[in-house]
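Asks: In case you want the letters, here they are:
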Amino acid sequence: MGKFLHAFFSPLDFLRAVPQVWDGFQTNIKLMVIAEALVLVFALTVAIVRGLPGRALSPLRAIAIVYTDIFRGTPLILVLFIVGLGVPALNITGISDRSLFVYGIVSLTLVYTAYVTEVYRAGIESVHPSQRMAARSLGLSYTQALRFVILPQAVRRVIPPLLNDFIGLQKDTALITVLGLTEAAAQAGFYSSDYFNYAGFTVAAVFFIILTIPLARFTDHLVKERELRERAQAV
Amino acid sequence: MTGANSHFVSLEAVTKRFGDLEVLHGIDLTVDLHQVVCLIGASGSGKSTLLRCINLLERVDAGTIVVDGQTITGTKVDVNKLRRKIGIVFQAYNLFPHMTVMENVTLGPIQALKLPKAEARDRARELLVLIGLEDKADEYPDRLSGGQQQRVAIARALAMNPSLMLLDEITSALDPQLIGEVLALVRTLADEGMTMIIATHEMSFAQEVADRVCFLDDGVILEDGPPRQIFSSPREARTREFLQRVIESGRL
Numbered sequence: 001m002g003k004f005l006h007a008f009f010s011p012l013d014f015l016r017a018v019p020q021v022w023d024g025f026q027t028n029i030k031l032m033v034i035a036e037a038l039v040l041v042f043a044l045t046v047a048i049v050r051g052l053p054g055r056a057l058s059p060l061r062a063i064a065i066v067y068t069d070i071f072r073g074t075p076l077i078l079v080l081f082i083v084g085l086g087v088p089a090l091n092i093t094g095i096s097d098r099s100l101f102v103y104g105i106v107s108l109t110l111v112y113t114a115y116v117t118e119v120y121r122a123g124i125e126s127v128h129p130s131q132r133m134a135a136r137s138l139g140l141s142y143t144q145a146l147r148f149v150i151l152p153q154a155v156r157r158v159i160p161p162l163l164n165d166f167i168g169l170q171k172d173t174a175l176i177t178v179l180g181l182t183e184a185a186a187q188a189g190f191y192s193s194d195y196f197n198y199a200g201f202t203v204a205a206v207f208f209i210i211l212t213i214p215l216a217r218f219t220d221h222l223v224k225e226r227e228l229r230e231r232a233q234a235v
Numbered sequence: 001m002t003g004a005n006s007h008f009v010s011l012e013a014v015t016k017r018f019g020d021l022e023v024l025h026g027i028d029l030t031v032d033l034h035q036v037v038c039l040i041g042a043s044g045s046g047k048s049t050l051l052r053c054i055n056l057l058e059r060v061d062a063g064t065i066v067v068d069g070q071t072i073t074g075t076k077v078d079v080n081k082l083r084r085k086i087g088i089v090f091q092a093y094n095l096f097p098h099m100t101v102m103e104n105v106t107l108g109p110i111q112a113l114k115l116p117k118a119e120a121r122d123r124a125r126e127l128l129v130l131i132g133l134e135d136k137a138d139e140y141p142d143r144l145s146g147g148q149q150q151r152v153a154i155a156r157a158l159a160m161n162p163s164l165m166l167l168d169e170i171t172s173a174l175d176p177q178l179i180g181e182v183l184a185l186v187r188t189l190a191d192e193g194m195t196m197i198i199a200t201h202e203m204s205f206a207q208e209v210a211d212r213v214c215f216l217d218d219g220v221i222l223e224d225g226p227p228r229q230i231f232s233s234p235r236e237a238r239t240r241e242f243l244q245r246v247i248e249s250g251r252l
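Chain order of the listed sequences is A and B. Those letters in the first sequence? Residues 1 to 235, per the working numbering, in order. Those letters in the second sequence? Residues 1 to 252, per the working numbering, in order.
No lab work stands behind these hints, which were simulated from the structure alone. Predicted, not measured: the structure shown is a model, and the values here were computed from it. The beta carbon of each residue, even a glycine, is placed where N, CA and C say it ideally should be. A portion of the hints provided could be inaccurate.
[To be verified] List of simulated lysine to any residue pairs, SDA-like, C-alpha gap at most 20 Å: (1) Lys114/B x Thr143/A; (2) Lys136/B x Glu230/A; (3) Lys76/B x Ile29/A; (4) Lys136/B x Arg229/A; (5) Lys76/B x Arg55/A; (6) Lys171/A x Ile29/A; (7) Lys114/B x Ser172/B.
[What the hints assert, rightly or not] Computed footprint of chain B on chain A; a stretch qualifies when at least three of its residues, placed anywhere within it, have a C-beta under 8 Å from a C-beta of chain B: (8) 126-138; (9) 150-164.
Bound conformation, chain A alone (with noise of 0.2 Å):
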């Protein structure tokens, strides 16, 4: 038992590890950041052209689908090696000689939204039809349905979902380690390397969870705000 305490949770350890960590974590933090902005916009857009109607934008929905079958399916290590590894090996001018910071962000990017456009359909399919119909009867066009009458009831409904996937998309921004991005976890791994001791690794493991909770937190919030908002109280 001290010797379990002692190689997580030593005091000077785990203070001596915090500003290396913490140094590291701050890359963890832009990563989220960015990606999580990128994610919400592209998979908004993919999941509504998933939805385009008729029959001539019927290549558009198969790319989406297409790519989001590939990117939910493979894992993230994968596409991290893929894109951190063989895209610089190309060669290719404005492409290949990005650092590696630009391709791990690329590749929570291109993982994560695939998932998050599963997320937001399912939230745009459970908007009842009656609703698009109420919207198109008052003259408003496809476009502004779903804009002003569709979107809004349909994100409002995925905000746990998908702040459910963000928090998987911030732990994840870890494995960009492999890449040899030097961030929390890899600062971990040098305190260890430099002191054999693991502390360093519980520090960027309370870092995490540190900032998960708070966005835990922020769901339940919105949640009830609205449903105090919208719901009748008593009838």
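Could you slot chain B onto chain A? The hints should help.
Replies: Then chain B, alone, in the frame of chain A:
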């Protein structure tokens, strides 16, 4: 306007199929300006489908529909423009739950008619006074009673300043004590000369408010006449049967 075009709405041999099921087989119907026509008939007789065909929420498979001199069943019809002239109110209200009453009523005018926001709100306030819900402008639909929601749905349709209103069994989802307030509103519209096609199960209301009553049976209009004639001396056996069932269920 002369001849066949003098009717405000005219349907000729309108046919609608859902897959193998033919819901409307050759409907002929005309409605003049300021007329109120009630469609009666059993559930599944095609009343709702007929109304939805008139504002192109459903595409007809054959036949022609002319509204206000414009053939709407052709290929080059601007559906959004057409729907702005035709208000429809649904059985299940279909209000937008994420918007306040005011936002529900002003969405169409602001987005589809491009009315300035202030003007749309002023007009919406007038309509809320008309429906007796001026104090509910900032409430969300789920906090209103069914009757109140349906009145808001009527106001939402009226906000587009339509020249024709289609009412699709708008009291069928309401508790009996809430039906009166909605019908009173429809009566007001009829008195003001609104052209309306009303699918309804409320026979006494149809008798009172309609200029003409059409009995739909299995996708055709079997009988079409003034309410007094239809209700007191129906010509068709099927109409008599239907009305008999209605009387037995205590709805007339």
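Asks: With reference to the structure, classify each hint as holding or not holding.
Replies: Hint-by-hint comparison with the structure:
For the suggested pair Lys114/B and Thr143/A, the alpha carbons sit about 15 Å apart, so the restraint of at most 20 Å is met. With a CA separation close to 13 Å, the supplied pair Lys136/B and Glu230/A stays within the 20 Å bound. In summary, the hint linking Lys76/B to Ile29/A is not supported, as the alpha carbons are separated by about 53 Å, beyond the 20 Å threshold. At most 20 Å may separate the alpha-carbon atoms for a hinted pair to count; Lys136/B and Arg229/A meet this at roughly 14 Å.
In summary, the hint linking Lys76/B to Arg55/A is supported, as the alpha carbons are separated by about 18 Å, within the 20 Å threshold. Between Lys171/A and Ile29/A the CA atoms are separated by roughly 10 Å; this keeps the pair inside 20 Å, and the hint holds. Straight-line distance between C-alpha atoms of Lys114/B and Ser172/B comes to about 33 Å, which puts the hinted pair past the 20 Å bound. Check result for the region 126-138 of chain A against chain B: holds, 8 residues qualifying (beta carbon to beta carbon below 8 Å, three or more required).
Against chain B, the region 150-164 of chain A contributes 3 residues with a C-beta closer than 8 Å to a partner C-beta. That satisfies the three-residue criterion, and the hint holds.
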